[in-house]
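Q: If you want the building blocks of each chain, they are given just below.
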Amino acid sequence: MEKNSLQEENLTPTKEQKFWMYRNMLVSRFLEESIEQIYLEGKKPVFNMAAGPIPGEMHLSNGQEPCAVGVCAHLQPFDVVTATHRPHHIAVAKGVNLNKMVAEIFGKSTGLSGGRGGHMHIFDADVNFACSGIIGQGMGPAVGAALSRKMQGKEGVGVAFIGEGAVNQGAFHEAMNLAAVWKLPFITIIEDNQWGISVAKSESTAVPDNSVRAQAYGIPGYQVRDNDTYEIFRVAGEAIERARKGGGPSLIEIETYRLAGHFMGDAEGYRPPGELDGLKAKDPINVMRARLGSEEGLTDEQNDRIVAEARATVDAAVNFARESAYPSPEEALEKVFV
Amino acid sequence: MNEQVTTVAANERRLTIARAMAEAIAQEMRTDPSVFVMGEDIAKLGGVFGNTRGLLEEFGNERVRDTPISETAFMGAAVGAASDGMRPVVELMFVDFFGVCFDAIYNSAAKNAYFSGGNVKVPMVLMTSTGGGYCDAGQHSQCLYATFAHLPGMKVITPSNAYDAKGLMTSAIRDNNPVIYMFHKGLQGMGWLGTEPGATVHVPEEAYEIPFGKAAIVREGSDVSIVAVGMGVHHSLKAAAKLAEEGVSAEVIDLRTLVPLDRDTVFNSVAKTGRLIVVDEDYKSYGVTGEIIATIAERDVSILKASPQRVAYPDIPIPFTRPMEQFALPNPDKIISAYHNLKRARTWRWL
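Line order of the protein sequences matches chains A and Z. For the first sequence, my numbering begins at 622 and goes up steadily by one. For the second sequence, my numbering begins at 271 and goes up steadily by one.
Looking at chain A on its own, in the form it has when it is part of the complex:
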């Protein structure tokens, strides 16, 4: 799954970039679907979060794939990304080692941290990816990475993915201001899935469109409507290129869809009737598939092959995780200091 090197014209995806995005969306979705199934192993008939091969909280990213691929299509391994508690789609698109990531989600010794972090604490230093379980926490570190690159004169931008709920955290405001006043190569991606667990955006946020907040920092702000992969690609391309050229930070809010609950086990009683069905009808993977058919002549046969490859990639990672051993418990005492 090689993607094209950076192009001068970043606004329209090339054929290769379209297929790169589609493949990564598929891998991400299949990963979530596999996790969803495995997560329930051992948790039926009585749901016990601590039971089964994948214990703990689980936040799935079904539906939010366009945000990840549209942005990461412009990023290289040396670029720095901080992600949220819902990190899998972004990790996949950023090129995090899938086997080690899934093993981490299973809590196995072959996982990225040997089982110390789990699904909300995925760190892959090889591709400069990190995520965390605290809303808005990645803002400061991504700004710091951007500062580091600027000071070192080294290539690379800092990208913080956050949810729409995080813009109401102080960390958001402080980090945006700091990035702007120091004119750092930094981009904030707000994945607006409309829901902060059960609280609707309209009930938590004073402005309907968070891109207007960019004005408060004197930087460009964009809003992308309707989870549009190409539009995300276009504005992210513009923002990332500006950051690379020393033009400072940008803010992008993406209207995306959360096709799963906040976490697994969430009954989603707060959703208005019909909302989920309406969103599922606009599943971005189907949209992408249709676009590739009409624009690039993707046939069913070709599609089947791409789908099978993506599934095989995920299955291999899941098998790797399943077959890996648990760490010995006393290894918990290691790696506090390095």
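Be careful, since some hints might not be right.
Lysine-lysine pairs mimicking PhoX-like chemistry, simulated, CA-CA at most 25 angstroms apart [unchecked claim]:
| hint | chain 1 | residue 1 | chain 2 | residue 2 |
| --- | --- | --- | --- | --- |
| 1 | A | K956 | Z | K484 |
| 2 | A | K866 | A | K771 |
| 3 | Z | K391 | A | K775 |
For each label pair, taking beta carbons as the anchor points, the in silico distance ranges come out as [what the hints assert, rightly or not]:
| hint | chain 1 | residue 1 | chain 2 | residue 2 | range |
| --- | --- | --- | --- | --- | --- |
| 4 | A | G791 | Z | E515 | 52 to 62 angstroms |
| 5 | A | A837 | Z | G330 | 24 to 34 angstroms |
| 6 | A | G791 | Z | A598 | 47 to 57 angstroms |
| 7 | Z | N389 | A | T635 | 28 to 38 angstroms |
| 8 | A | A827 | Z | R284 | 56 to 66 angstroms |
| 9 | Z | G464 | A | S823 | 53 to 63 angstroms |
Hints were generated in silico from the structure; no laboratory data involved. Every residue, glycine too, gets a C-beta built ideally from N, C-alpha and C.
Put chain Z on the given structure of chain A with help from the hints.
A: What follows is chain Z alone, placed relative to chain A:
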């Protein structure tokens, strides 16, 4: 003889802790381009407590950065820069301000190495002022040593004099882990803060490290061990001098670093004296004093000839008015009283 004395005096460089810290930072910045400093008023002003004075002039505002009053952002940025190959030295002006940025400290800086299985390092130094005694009330006078030392993943250091301040800063900057460097305002050598003169000592010009986890026996004795950090070391030395007049030989231990903690030196001292007083300007409960006593109790309580005593800050917010604050603070007289209490307490016999 006289000639020798003159030579020593000529070579002596008595520095304040503030100058010693700035010198260590400057020396590391000269040799390591990844070291930089940021915080509030640390550039043109040279730090409210003087510990970054001269750095802006030598290194410029790219590497010596005044930040907005945004501790959450710049503490988080320090974590991000440290994870990306830099060695930030970041100042939290008063430790009392930690409440607005603690997430970046204890949830990110302290845990990222662990969460990454050691693949991500966060070599940052957070220097912060502690301590009261000058009527600055309860949001500018705390020590909070135990708050930081309690949470795993951070090294916590507390110099009591300029020699240690320099060596510990050099070690802190070179360390690959987050280090919380807690300097006491009353030891800083800022005239306006009623400085303790004992903190201003000879400091070698060349860079040197002081290893973490090595307490210093700053006065040897045989009757009682007084264990302290920061300002408490100076109180303890004064108390030990007065106790000597009563014929009591007190050993004074400066822990120097709380994480890692040199439990062996403490234990060996108490094994020798059989009596323990712990002095701490942080709150009494759930703190350094309890940890030190637990160290002895856990390893071999039979070395104690009497119940240990602690001289610590009472469990109250720090009051403003002078009589109330001075009433609450540790001081040499309280340490001497603690010794007398200890002698009055039932002496244990271990058979």
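Q: Hint check: K956/A vs K484/Z, CA-CA at most 25 angstroms. Holds or violated?
A: Answer holds: K956/A to K484/Z is near 21 angstroms, not above 25 angstroms.
Q: Is the distance from the Cβ of N389/Z to the Cβ of T635/A consistent with 28 to 38 angstroms?
A: 33 angstroms, holds
Q: Assess, step by step, whether the Cα of K391/Z is no farther than 25 angstroms from the Cα of K775/A, and give holds or violated.
A: Measuring from Cα to Cα gives roughly 19 angstroms; hence the hint holds.
Q: Can you tell me whether the CB distance of G791/A to E515/Z sits inside 52 to 62 angstroms?
A: 55 angstroms, holds
Q: Tell me if the beta carbons of A837/A and G330/Z are separated by a distance inside 24 to 34 angstroms.
A: Distance hint for A837/A, G330/Z holds at roughly 29 angstroms.
Q: Is 53 to 63 angstroms right for how far apart the beta carbons of G464/Z and S823/A are?
A: 55 angstroms, holds
Q: Does the Cβ pair G791/A, A598/Z satisfy 47 to 57 angstroms?
A: 32 angstroms, violated
Q: Do the alpha carbons of K866/A and K771/A lie within 25 angstroms of each other, as the hint requires?
A: Holds, at roughly 11 angstroms.
Q: Do A827/A and R284/Z keep their Cβ atoms within the hinted range of 56 to 66 angstroms?
A: Given about 57 angstroms between the Cβ atoms, the range holds.
When each numbered hint is compared with the structure, a violation occurs for hint 6 only.
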